[in-house]
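Residues per chain are reported as follows:
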Amino acid sequence: MANILLIEDNELNADMLSRRLQRSGHQVVVAPDGQSGLQLAQSHGPDLIIMDMGLPVMDGWTATRELKADATLRAIPVIALTAHAVVGDRDRAIEAGCDDYDTKPVDWARLSAKIARLLGLG
Amino acid sequence: MYAVSETAREKPASVLLAEDDEMSREMLSRRLERRGYEVVGVPDGRCALDALAGRAFDLVLLDWMMPELSGIDTLAAIRARQDGADLPVIMITAKDRSDDIVLAFERGASDYVTKPVDFAVAAARIQTQIALRKARLELRASEERYALAARGANDGLWDWNLLEDVLYVSPRWREMLGEPASDQAGASSLWLERVHAEDLDTVRSALDAHLRGASAHFECEHRMRSSDGGHVWVLARGMAVRDAAGRPYRIAGSQTDITARRAAYEQLRLDATHDPLTGLYNRRQLLAELEQQVAAAQRYQYPLSFCFCDLDHFKQINDTHGHPTGDRVLRAVAEMLRRHLRVGDIAGRYGGDEFCVIFPHTEVARAVRVAERIRRSLEATAFTDSSGRHFRVSATFGAADRAEGSSADTLIERADAALYAAKREGRNRSYPPLQT
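Those protein sequences? They're chains A and B, same order as listed. With numbering that gives the first Met the number 0, you'll find the first sequence wraps up at 121, consecutive numbering, no jumps. With numbering that gives the first Met the number 0, you'll find the second sequence wraps up at 435, consecutive numbering, no jumps.
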C-alpha cells in the first residue's frame with residue numbers, strides 16, 4: 000500500500016492510529032515532534048504525512064510550512080489533525096499548506112477515506 | 000546383424016533360403032519373390048551362415064539335407080548366436096519324418112514344411128512367422144521404452160494378476176520404501192499392507208472404482224510405510240486390462256515417489272496460512288477464518304467474540320533487549336495463547352506485536368475471562384535477555400462480540416475500540432472489564 004509518516008506526540012494516539020494504518024496494509028513510521036518529523040520526511044520520503052498540529056519542539060503549523068517550502072517534499076500530501084473544539088483550525092491548516100484536515104478524536108472511517116483519496120486509492 | 004534394421008518394416012521382408020537342389024531353390028525363390036519377398040538363395044548351411052553374418056534377414060528357410068552343413072546343424076549354429084535367438088527359422092523336411100520334426104523343434108525351429116513343398120502352406124507359414132516376429136519385436140521395443148522411461152523417471156512398477164492374486168513389483172518399487180531391491184512376487188497384500196493405515200480406504204476406493212469401470216485410470220496419492228518406520232508419499236497410477244465381457248483380469252502401473260513434492264506443497268500451504276515466527280495463523284488466514292465464523296454465527300445464531308491482544312511497549316522491549324529477545328517474547332506469547340485457549344478458539348498473529356483470538360460460541364464476558372487468564376499468566380512470567388537482564392512483559396486485551404447482523408469488519412472495529420479503551424485506562428488490562 001503506502002508509506003505513511005505519522006507525526007503525533009501522544010503515545011496512545013500514535014499507537015492506536017499506527018495500528019489501524021498497519022491493519023489497512025500501510026507501512027507506518029512515527030515521529031513524536033515536528034523536528035524529528037521533518038527529518039523522517041527527508042530520510043524516508045513517505046507517500047503521505049499525518050500531522051498532529053499541537054506538537055512539542057516544533058508545532059505542526061511550522062512543520063507543515065517548512066515541508067511545503069521544501070521543493071523535494073512539497074508534493075507529499077499532509078493531513079492535519081487538530082482538537083475538535085478549536086474553531087478556525089481548518090482554515091489555519093489549509094493556510095499552512097495542509098492538503099486535508101480532520102479532528103481528534105479520530106473517526107477512523109472518515110480519516111481512512113481521506114487517506115485513500117489523497118493516495119489516489121479511493 | 001541378425002536384428003531387423005530400422006527400415007525393415009517399410010522394405011519387403013527378406014528371406015534367406017538354403018537349399019542344395021538348384022531347381023527347387025530357383026522355383027521356391029521365384030514364387031516367393033512373386034509374393035513380394037526379397038529372397039537370397041544359397042546352396043548349403045555354411046553359405047547360409049555366411050549370408051547371415053553379412054546382413055539381416057526376416058526369416059530363414061533351411062532344407063534338412065544339405066552338404067557341408069546340414070539344416071539341423073545350421074539351425075543349432077543360428078540359435079547359438081545371441082542375436083539369432085528370435086530369428087524365425089522354418090525347416091524343410093521330408094514327408095513323414097516325424098522324428099526329424101520333433102528334433103527340429105527341440106533345436107529351436109519356429110516351424111516346418113514338408114517336401115514336396117506345398118507352396119500355399121509354406122507361404123502361409125512364412126507370413127505367420129514374419130508377422131509373429133514383428134509383433135514380438137514391437138512388443139519388446141515398447142516394453143523396453145516403458146521400462147526405460149520408468150527407470151528414467153525413477154518410478155517403481157507393479158503388475159497385479161487379479162485372477163490368481165499374484166503381484167509383481169519392480170526392485171525400484173521396494174527400494175522406494177527403503178527395502179532391499181528385489182523382484183520377488185507376492186499377493187496383493189504385499190502392496191496393501193504397506194499402505195499407510197489412514198490412506199488405506201482412499202487407495203481401496205480408488206482401486207475399486209477403476210476395477211468397476213467407474214474411472215478411466217487408477218490414480219491415487221497416498222502414503223506408504225517405509226522400512227525405517229516412517230512413510231513416503233507416492234503417486235500410484237495404473238490401468239486394468241479387461242476380458243471381452245469387460246471383467247478386469249490384470250492391472251499394472253507405476254509408483255512415483257512424491258515425498259519431496261508433497262513436503263514442498265505442505266510447506267507452501269503452511270507459509271501461506273501461518274506466521275513463520277510463532278506458527279499461529281497469519282493475518283490473512285485469521286481474517287478468512289473470521290469471515291467464515293461470522294457467517295456461521297449469523298446462520299446458526301450463536302454468539303461469537305473477537306479479541307485483540309497487544310503487547311505493551313513492545314518497541315521499547317525490542318530497543319532495550321534486542322530483536323532476538325523480542326522475537327522470543329512473541330513466541331512465548333503465542334505459546335501462552337495456545338496453552339490457555341479452548342478447543343475451537345482460533346488464534347493468530349495479526350502483525351507486529353498484535354495477536355488476535357476468535358472465540359466461537361462465546362459471549363464477550365467469557366472471552367474476557369480467557370483473556371484475563373492469558374494476561375495474568377504473561378504478567379507472572381519472568382523473561383531474561385541475552386545479557387542476563389530480567390524483564391517483564393504485559394499485554395492489553397480488547398474484546399467484543401458480534402451484534403446481530405453485523406459484519407467481520409464491524410466486529411474488528413468494536414474489538415479495536417475496546418482495546419483503545421483498555422489502553423486509555425492504563426494498559427495491562429482487558430476491556431470490557433471482568434465481571435465478578
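Treat the hints with care, since some could be wrong.
[Said to hold, decoys possible] With beta-carbon atoms standing in for the labels, derived distance ranges:
1. G387(B) / P104(A): 16 to 26 angstroms
2. Q26(A) / L267(B): 37 to 47 angstroms
3. T61(A) / S376(B): 42 to 52 angstroms
4. R261(B) / S35(A): 49 to 59 angstroms
5. R298(B) / S23(A): 41 to 51 angstroms
6. T272(B) / S23(A): 19 to 29 angstroms
7. S35(A) / L234(B): 22 to 32 angstroms
8. Q297(B) / P104(A): 53 to 63 angstroms
9. T435(B) / T61(A): 48 to 58 angstroms
These are computed hints drawn from the structure, not numbers from a lab. We put the CB at the ideal spot given by N, CA and C, even for glycine.
Each hint tested on the structure:
no., hint, result
1, G387(B) / P104(A): 16 to 26 angstroms, "43 angstroms, violated"
2, Q26(A) / L267(B): 37 to 47 angstroms, "25 angstroms, violated"
3, T61(A) / S376(B): 42 to 52 angstroms, "47 angstroms, holds"
4, R261(B) / S35(A): 49 to 59 angstroms, "51 angstroms, holds"
5, R298(B) / S23(A): 41 to 51 angstroms, "28 angstroms, violated"
6, T272(B) / S23(A): 19 to 29 angstroms, "21 angstroms, holds"
7, S35(A) / L234(B): 22 to 32 angstroms, "59 angstroms, violated"
8, Q297(B) / P104(A): 53 to 63 angstroms, "30 angstroms, violated"
9, T435(B) / T61(A): 48 to 58 angstroms, "51 angstroms, holds"
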